[in-house]
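Line by line, the protein sequences are chains V and S. Read in order, the letters of the first sequence are residues 1 to 503 in our numbering. Read in order, the letters of the second sequence are residues 1 to 186 in our numbering.
Hints in this document: simulated from the structure, not taken from any laboratory. Here the structure is a predicted model, which is why all the values come from computation and not from measurement. Treat the hints with care, as some may be off.
[Said to hold, decoys possible] In silico DSS-like pairs for lysine-lysine, Cα to Cα no more than 25 Å straight-line:
#, chain 1, residue 1, chain 2, residue 2
1, S, K154, S, K174
2, S, K84, V, K82
3, S, K154, S, K115
4, S, K123, S, K168
5, S, K177, V, K82
6, V, K477, V, K322
The primary structure of each chain is shown beneath.
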Amino acid sequence: MTIRSAFADASIRTKLRILILGISVLAVLGSCTVFITYLWFSTRARLVRRQDTFATVIADQSTAALDFDQPLQATALLNSLKAERQVVAAAIYTPQGRLFATYVRDGAAPGLIRDRPEPDGQRFEEGDLLNFHPIVSGGERVGTLHLRSDLTDLRDRVLVVSGTAVLVLVGATLLVFYLSTRLGGLVTGRVLQLSDLAERVAKQKDYSLRMAAGGRDEMGHLIGGFNEMLSQIQARDRALASARDDLERRVLDRTVELEERMSELAALNKELEGFSYSVSHDLRAPLRAIDGFSRMLLEDYGNQLEGDARRYLDNITSNTRKMGQLIDDLLSFARLGRKALESSPIELDQMAREVFDELRQLTPDRPIDLRLGPLPSVTGDPAMFRQVFTNLISNAIKYTRGRSPAVIEIGSRADSKEVTVYVRDNGVGFEMEFAGKLFGVFQRLHSAKEFEGTGVGLALVQRIVQRHGGRTWAEGKVGEGACFYFALPTKGHADQGKQQRSA
Amino acid sequence: MNRFRVVALVLVSLGGPVSASVDPVQNPPDQLPEYVIKAGFLFNFAKYVEWPGASFEGPESPITIGIVGADPFGDNLEKSLSHKTVNKRPFVIRRYAAPSDLGRCHILFVSRSEKARTSEIIKQVEGQPVLTVGEDGAFAASGGMIAILIENEKPRLEVNPEAAETAKLTINSKLLKLATIVKTVK
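Just chain V, same shape as in the assembly (with noise of 0.2 Å):
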C-alpha cells in the first residue's frame, strides 16, 4: 500500500491530526532555519568586523615597538589578547618578513603561527578567520601584523540555538497533537457521528434512524441531508413492501383459481372420455341390430327382392360393417387413454416379422419385397406394440398398390438419447406440408374409395407412441412413397420422455 493510499483510506480525525502537525513542523523547521541561517552569517560578518578592529588597533598601538626595535613592549601588547578569546594566535612581523613577536593562546598549537606575513587581508582557512593587517607609522609601513580567530564560538552559539529549535518542534509538535486531539473533536467529532451512523443504516438496513441535528456550518446542512434521505428511503421501503406483499396475495388469488380450473377439466375430460366410451359402446347394439336384420332379410327374402332393393340392402349392410368398423376404432382410441400400460421386454425384429407374414396372407398374389433390418429389443406393453406395427406396415402394403413389386423397408438406428425404428414404403407418398396433419384422429390424405380406412390408424401410432415417452413423424414425396418414423428413449432417458408426456 503507498503512503498516498494509505493516507486516502485513514479516518478524517487523523487526517486533520496529520495535516496540522505536518505544517507546524514545517513552520518551526522553515522559521528555525532561516534563523539559524541569518544567525551564522550575522555573527560571522560580526566576527570578522570585531577581528579587523582589534587589528586595527593593535596594529597603531604596536607601531613605536617596531620603530625603536622593542620586541618585549610587542610581546606584551599582543599578550594582551588574553581577553579575546577568540584570537587562537598573534603575530608581529618586521618590514622584511621576519618573525618580531609573537602570541598564542594557552592550549592552542603554536604551529598556528606562519613563518612569514602573507597578502593583506582577510580569510577563513582551515576553519579559522586569518588576518593580514599593516602597521604604519608615519606614512610608512613598519611592519605586518597578523591575528588568527578560531570560530568555536560562533559554533557554540549556532549549536546552542539548533538544540532550542529541536526543543522547540518537540515541544510544539507534543502541543499540536494534544491540541488537535482535544480541539479536533469540534470539527471531526460530528463527522464521525455521522459515519458511524451511515454504517450502521447500511448494516441493520434500519432506515427509522436519524441524526440529533445541529449547527449551521455545512455539517449541519450534511445531517439535514441525510436525515432527509433516510425518510425518503423509509417512506419508498414501505411503499415497495406494501406492492410485494399486494403481489404475493394476488399471485396466490390466481394459483388457487388456476388450481380449481385445473381439477374442473379434468373433471371435464373425464366425463368426455367417459362419454365418448359409452357413446362408441351404446352406438353398437342398435348398429349390431341393423346388420343383422340387414342379413336376415338378404338370405330369407333375398331371391324375392327386385334389382334395385337388393343393391339397397347390400349397400346398408356394408355401410353398417363401415361404421362398426369406426365405433371400434374409436373405441379402441378412447380405450387408450384409460388402460394401464404393460411392460415387458418385445423382440422388435420377431414382432415387425410375425406381423407382416399375418398381414402378408390377406394379399397373396401381389408382389411385395420385404427387408427388414436387425432391430432393437424393448421394454413396453406387447399389444400395443403389435397395433403400431400392424397400422404402419398395413398402411405400407395399402399404399403401394400398383407397384410392382412393392418394397417396405423396416430397419433402425440408434443414437444415445433413443433408438428410432422406421418403416419406409414406395407408394404413393404424400405432400411434405401435410406431414403434420397425418397422425390426426380421422384426417386423411386420400378419399376412402382411393384408399380403405377409418383415419384413425396413425392417430393411434403416435397415442401409443407417446404414452411409451416417444414421438413419431413422417416423410414423404408425391409418387415416391413415404417413411413412418417412431422414436423411443433409450433406458436412462425413458422416465424421463414418460414424465414429460405425463405432464
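Following the hints, put chain S in place on chain V, whose structure we already have.
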C-alpha cells in the same frame, strides 16, 4: 666598456637608499651597526614628537637635524634620511663642530665627543623647541630629552618628559610607554 660602467653606476646610485635598510641575511637587524640603528631612530623620533607650529616656516618646511661634535654616523644618516619625509616634511642635516657653532635646528644629536660639555649644550638650547638626543647614560638625567643606549647589543631609550615639556615639545605616549622615564637631577 665605458657604457657598462655608466649603467653600473646608475644601478649603484639607485640601490643606495635600499641598501641602507640592510640585507637581513648578511647583517641580521639585531646586529646592525650601532649608527645605522641610531640614524633610523633619529628619523623615527620625528614621528613621535610634535614641535610647536611656529618652529617651522611652512607646512612642508624641512625638519633640521643637527649633529654637534665628532660625527659618528659617516654617511649612514644621509642614507637613512634622503628622500624620506615625515608629515610631508623632508630632512636637512647640519653638522656643528663645536657648541659655539650651534644654529637653528629641530633635533640636536649630541655626540659622545661632547660628553663633557653636555650641560653647556643643553643650557644653550634651553627654552627653544629643540629635541635633544644623546647617547650617554647620564644624558637624560642632566636635562637631555632622549638618550639612546645600547645594552647587551640591544637598544634602550631613556626619556625626560619634563625637559621636553619645558621646550614645548609633545612626546607621543607610545614612545613614552616603551622608554625609561628619567627626571633631571639638579
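Structure versus earlier hints, numbers of those that do not hold, lowest first: Result: hints 2, 6 break, sorted rising.
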